[in-house]
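Top line first, the protein sequences correspond to chains B and P.
Residue numbering for the first sequence follows UniProt numbering, beginning at 1 and increasing consecutively.
Residue numbering for the second sequence follows UniProt numbering, beginning at 1 and increasing consecutively.
Calculated directly from the structure, the hints in this document are not laboratory data.
Every value quoted in this text rests on a predicted model; they were computed, and no experiment measured them.
Cβ coordinates follow ideal geometry from the N, Cα and C atoms, glycine included.
One or more of the hints may lead you astray.
Interface residues of chain P toward chain B, partial, derived using beta-carbon atoms under 10 Å [what the hints assert, rightly or not]:
| # | residue |
| --- | --- |
| 1 | Tyr23 |
| 2 | Leu27 |
| 3 | Phe33 |
| 4 | Val68 |
| 5 | Val77 |
| 6 | Asp83 |
| 7 | Trp85 |
Each chain, letter by letter, is given below.
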Amino acid sequence: MTGDPGLPAERTRLAWRRTLLTLTVVLLLQLRPAFTGRVVDAALAGVAILVWLVVLAVAWRRATGSPPRRLGRVAMPLTALGAAALALLGVAHVLGRVH
Amino acid sequence: MWESIRRWFDPRELRSVGTPPDYRFSLANERTFLAWLRTGLALVAGGLAAAQFLPPLPLAHLREGLAVGLLLLGATVSIRAVDHWARTERAIRLGEELPASRFPAVLALIVALGALVLVAAVLLRGTP
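Turn these sequences into a full structure, and let the hints steer you where they fit.
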């Protein structure tokens, strides 16, 4: 392999960290309505935390591990599905407020 | 459709197709996927912010409509990101042309349209 084998891997790890950071910002926005005291909002926030924890547990190795030369097959679909799940939780929250 | 969803989660399937590429290409594909995913997450964050911070707009349920629209758009971008990643990986391994897509153009048009709707809503709000 010519060139520097470390840099593409490093850039990819940093991209994973940025993505996990963005996911955390979304989670924090998701948690905000839980403090209104409504049980539904607290339940939605609980599910959001679970989704976030699962994604973090799987993707963290990709964000910090040794050069990710092998394709992380589970981390990618799971992170995408986690993002979609957080979006649908948000939809449930909005629809739960419409009267 | 189910076939392609199964393919996302099947490590052996993708690894057995074609020849192993230079890993830097795979990593570049992975970073492109992550950039798309962040785009999706930004749309989701925008939807959540619209639902939580916007005052009620002049049209009934426009705020809720914008929020749900942004959230569904974010979900679509995320799912499409992983599908595009898997198809690109496959094309790289098979030495084929990379999959072309109208999706970025459509997404840009939808976002621009949504922004115009918001501008109209803000202007309507300004006039008594």
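Against the structure, the hints come out as follows:
| no. | hint | in the structure |
| --- | --- | --- |
| 1 | Tyr23 | holds (5 Å) |
| 2 | Leu27 | holds (5 Å) |
| 3 | Phe33 | holds (6 Å) |
| 4 | Val68 | holds (5 Å) |
| 5 | Val77 | holds (8 Å) |
| 6 | Asp83 | holds (9 Å) |
| 7 | Trp85 | holds (6 Å) |
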